[in-house]
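Enquirer: Sequence:
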Amino acid sequence: DEPENILVLCPNHHTDFDYGQLTVDPETYRVSHTYEEAVDGTELDIADPHMISEDHLTYHNEVIAGE
0 DEPENILVLC PNHHTDFDYG QLTVDPETYR VSHTYEEAVD GTELDIADPH MISEDHLTYH
60 NEVIAGE
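So for the sequence shown, my numbering puts the first residue at 0; every next one is plus one.
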């Protein structure tokens, strides 16, 4: 996989991400979660120098999550 397509998530949120229940705004890194209020609205913490591809997040949001 490409480093720009890697997110480190706990196993539960990884599964939610795979099923489209968790999305990340590619411009603001704001997290949306369909049922977990403690996560919904938070901001993804990205460690320097790791970069996340906006294209990969957009693809996930549109194709996997159907947004």
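Derived from the structure by calculation, the hints contain no laboratory data.
In this text, all values refer to a predicted model and were calculated from it rather than measured experimentally.
For glycine and all other residues, C-beta sits at the position ideal for the given N, C-alpha and C.
Among the hints, a few may not be true.
Each pair of labels, with its calculated beta carbon distance range [as the list claims (entries may be wrong)]: (1) THR14 <-> GLY40: 17 to 23 angstroms; (2) CYS9 <-> ARG29: 17 to 23 angstroms; (3) ALA37 <-> GLU66: 19 to 25 angstroms; (4) ASP0 <-> GLU36: 29 to 35 angstroms; (5) ALA37 <-> GLU1: 16 to 22 angstroms; (6) GLY40 <-> GLU61: 26 to 32 angstroms.
Enquirer: Against this structure, judge whether each hint is valid.
Expert: Hints, one by one, checked against the model:
1. Range check, THR14 to GLY40: Cβ separation about 20 angstroms, and the 17 to 23 angstroms hint holds.
2. Distance hint check: the CB atoms of CYS9 and ARG29 are about 18 angstroms apart, consistent with the given range 17 to 23 angstroms.
3. Here the CB-CB span from ALA37 to GLU66 is close to 21 angstroms, well matched to the stated 19 to 25 angstroms.
4. The beta-carbon spacing between ASP0 and GLU36, approximately 30 angstroms, falls within the hinted interval of 29 to 35 angstroms.
5. A C-beta distance of roughly 30 angstroms is found between ALA37 and GLU1, which places it outside the suggested range of 16 to 22 angstroms.
6. Against the hinted window of 26 to 32 angstroms, the Cβ-Cβ separation of GLY40 and GLU61 comes to about 21 angstroms, which falls outside the hint.
Of the hints listed earlier, those the structure fails to meet are numbers 5, 6, in rising order.
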